[in-house]
Structures are given as structure tokens and as C-alpha cells.
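Novice: Chains as they are written, first to last, in the numbering used here: chain L, 1 to 234; chain X, 1 to 279.
Derived from the structure by calculation, the hints contain no laboratory data.
No residue lacks a Cβ here, since even glycine has one placed at the ideal position from N, Cα and C.
A couple of the hints might just be wrong.
Claimed, not checked - Calculated from the model, a selection of chain L residues having no Cβ within reach of chain X, i.e. all distances over 10 Å:
hint, residue
1, L16
2, G92
3, L134
4, G179
5, L194
6, L201
7, L216
Unchecked claim - Estimated spans, in silico, between C-beta atoms of each pair:
hint, chain 1, residue 1, chain 2, residue 2, range
8, L, P20, X, D206, 34 to 42 Å
9, X, A186, L, L38, 49 to 57 Å
10, L, A162, X, R122, 39 to 47 Å
11, L, L94, X, R122, 40 to 48 Å
12, L, L16, X, T52, 34 to 42 Å
13, X, E244, L, A162, 45 to 53 Å
14, X, G53, L, P20, 18 to 26 Å
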Amino acid sequence: MGDLHAASTAALGLILAADPAVMGIVGLSLQVSLTAVLLAALVGLPLGALLAVTRFPGRQSVIVALNALMGLPPVVAGLLIYLLLSRSGPLGPLGLLFTPSAMVIAQAVLIAPILAALTRETLSGLWEEYAEQLRSFGAGPLRAVPTLLWDGRFALLTVLLAGFGRASAEVGAVMIVGGNIEGFTRVMTTAIALETSKGDLPLALALGLVLMGIVLAVNVLAQVLRSAASRWAG
Amino acid sequence: MVTLRRGLLAMVPAMAARAASAQERTITVASTTSTEQSGLFGHILPLFTRETGIVVRVVALGTGQALDVGRRGDADVVFVHDREAEERFVAEGFGGPRHHVMYNDFVLIGPAADPARIAGLRNITEAMRRIAEARARFVSRGDRSGTHAAELRLWQLAGVDPTQGRGQWNREVGQGMGPTLNAAAAQGAYVLADRGTWLSFRNRQDLRILAEGDERLFNQYGVMVVSAARHPHVKAAEARRFVEWLTSPTGQTAIAGYRVKGEQLFFPNADRPEPARPS
């Protein structure tokens, strides 16, 4: 109980002091995770929409594989990307290991299957409603993808937030490919892991509270945008 | 809290520098959790950067893992503490030559109740033997780190085969020094730790130092530049500059000047012969 109290006091202190170093770590966390969500969305959303509207042999297997990939252990993803990006690996010449870019790649790989699977789930229902209508306009499944993505945009916001939540909470993969380098690749989760291993549990918990606060703030912002936009859309 | 502030504040200039110039001179150093988490790097690296303009990025791992990162060419310098493994690394042509830099020492830590009755012993092998005889719980790093190698060496000197007790009194956690200390604190177990990590460790519960001071507990650190012949992208000039600085009077003085709670953590010895290895 004493630890919890110390942690919440410390968390409040960190926020109120707007400690520039903590802010730097927070900034990098947001930058890495938001970039990863963007990259993963560019692949995951169209892929999920395509799976919702098309029918082809083996489609069910693709969906099962995608759902299974949602459970990809971050440490395994991190290790694979480490081996790919290592100077001794196939992508070594790019020199990306132990940089923020490597962390973006790791998070994007982890969340792209989540975005694709949830998008497919979300848009399947919509497609059932719209299929007749869109076909009557002569739109094939492929032409329907952009329309579906646009009409499902509010529901897809939740999908994106799920992806963001997973990305920003992730520690195993970014620790391996980023290296937790102070001032360069240290993010909230790796800082929390570091303070835990130094035995400063209240500070680790305080940083955790700050992280949860940020995730909450992003979600509130998204919710506000969503209701404003839907009012505007009428 | 204060240490974090100081540590975190130290990184602000580094971030500004990153934003300022994409082609700033940086090197990556694969090192150990003991040097990073004890705060030594936070103390000496800003001095090096001010003097040379070279920014040092530290990836803190166990010694075995740090050497592997060097072998793969993912770091320019390796700065670790397991002489045998380091000599193997050099012999295999992955880097070198190896320079010794400094030493600190290991301490044997245990619960206040001290079920194996080792408190105050100076003879470390006797202490280890008593722990094994009492089948008192011992938490091992079990992660191929320098500290793990030291544990195994000490067990061997004590004539104990720790694998006999694996999973019973001898618990391998396969983690860094801090998590291992956390595990020992939670279980009231014995544990071998480097003094630096112990001094800056916060979650001690009722753990304390029970045995220390034996020469066989000395812990020598060595530094090597990764071979540019094997990995042409290695920033050899900057890496050599770092090694030269560490072993120069300036670097050695900086190392000696680092104190936690008034205690000196690392003892520079680049200009002296390395202490003899216990055998």
C-alpha cells in the first residue's frame, strides 16, 4: 500500500514537473507507436477490407492465420526482426538495428495482423448490408474497398486504437531491436523495465501510471474527434 | 528518483544533438547491465563526449550477449567482464586487442536470518560450500553473463556441483542483475552480485552483504574494438578513440571519481598489471 501511494505521488510529480527527460521519453513513445500504427494501417486496413469483400479458395485459411498472428509473441517478433536487421543479417547494410526505426518496424509487424483481422471483422457486417446496393451501381468487390473503409471509418477508429494500445504497451520487441539506449531508443515501457530491474518499484509504477494516462488521453482525443466528426457528418 | 532525474537530464543534450545533426559522430557500445545500471556511464560518458564530440550509445546486456552483439557486428566496442570469454572473442578474430580498464568486486548477499551461517566470512569458497551444505536457497543469474561465469567459477573452487541443486535450492532465473536481486529479495535467498548494482539497488527488503573482501571476488573489466576487417562498417577510428580515452589518465580519473553514497565503485587499473585470475 505504501508503495502504491509512493508511486502515485511520484507519477504526479513527474507530470507536474514536466521533467524534460521524461517528456523526451514520452515523446519518443508516442512518435514510435503512432508511426507504427500508421504503417500497419496502410497494410492492415486494405488487406482486412479485401478479405471482407472477396471470396476465394483458401480465404478461410488466410483468416485463421491472420487471427493466429494476433497472438504473435512480441519477443519472437523482436528476435526475428533483430536477426533481419543485424549487421550479419539480410538487411544489415541498412544499419537500422538499435534505432527508433527498428522499433517502428517491430511494432508495425506486431499490430498489422491485429488491424487486418479486426478490420475484416468490422467490415464484413457492413459489406453484407451494402453488397446488393454497391453491385447495383456496378461496383465490383475491389471498387467497394475504398467505399467500405470510408463508411466504416468510425468503427475503424476503435480498431486503430486497439492497435495503438498494443503498440504502446509493448516491451519485449522494442527492448531487443531498440536496445533501450538512453536518450535515443528508450521509451516508456523499456524505462519501466529498467527501473524495475534497478529495484525502484515505486518509480517504475509511477512511469507506468504516466503511460496509462497517455494512452487514456489518446483514447479520449479519438473519442472527441469521432463524435465531433459524426455530428458534422450529420 | 534523484538518480533518475540526473540520468534523464543527462540525455536531453544527447537528444538535442540527435535532432541537430544526422551525421554526428556516434558509436555503439555493447556493455553490461552492471556498468549501465550502477550509473558509471552516466558519469563518464558526458566527459568523453565533451572532449571528443563523439556520442556513445550504450546497449546494456549480459556479458555473453554483449559479446554476441559484437560478433554480429552490431556494436563498435564491447566493454564487459569475463576475461575467458573476452580472450576467446579476441582469439576468434572478432575484435581486439583486449585492454583491461578497471575492476570492482562481487559481494555475497543473503537474508538477515542467514540460514547457512556465513555472515562475516572472508573466505568465499567456504561461504559457498556452507550454502550448498545447508541447501539454502541461492538465486543464480543463469544467463551466461560475467557474473554468472563468476558464480560458476566460485562453485568450482568450492568443490560444489551446483547443477545437483538446480530447481531445488539453486534457482536459475536467467535474467539481469537487478531482476535477480528482486527475485532473491522476494525469496530471502542468497545471491552473488557486483557491488555497484547492489549499492544502487533499491528493493533490498532484508537482504544484506554477508561475505566480501576475498581477492577471488575481484571482477575485472575489459574493453575491445570490434574487428573492422570482419565488419567494415565499424567506426574504427571513433571506437579506438573511446578505448584510448578509457585507458588514458583522464578516463581512469573519471572512473575513479564515480561514487555512490560516498563509496567508490570501480577501481581503474589500465596502467597496472591485471590482478591474477583465481585458479
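Novice: Take the hints in turn and mark each one as holding or not.
Specialist: How the hints compare with the structure:
1. L16: The claim holds: L16 of chain L sits with its nearest Cβ about 14 Å from chain X, beyond 10 Å.
2. G92: G92 of chain L not clear of chain X: closest Cβ-Cβ about 7 Å, inside 10 Å.
3. L134: Consistent with the label, L134 of chain L stays out of reach of chain X, its closest Cβ about 48 Å off (over 10 Å).
4. G179: Violated, since 4 Å does not exceed 10 Å.
5. L194: Given that some Cβ of chain X is not farther than 10 Å from that of L194 of chain L, nearest at about 8 Å, it is violated.
6. L201: The assertion about L201 of chain L is violated, with a minimum of 6 Å to chain X.
7. L216: holds, 23 Å
8. L:P20 - X:D206: 34 to 42 Å: This hint holds: roughly 37 Å between Cβ atoms.
9. X:A186 - L:L38: 49 to 57 Å: violated, 41 Å
10. L:A162 - X:R122: 39 to 47 Å: violated, 58 Å
11. L:L94 - X:R122: 40 to 48 Å: violated, 53 Å
12. L:L16 - X:T52: 34 to 42 Å: For T52 of chain X against L16 of chain L, whose Cβ atoms are near 37 Å apart, the range 34 to 42 Å holds.
13. X:E244 - L:A162: 45 to 53 Å: holds, 51 Å
14. X:G53 - L:P20: 18 to 26 Å: The hinted range 18 to 26 Å holds for G53 of chain X and P20 of chain L, with Cβ atoms some 22 Å apart.
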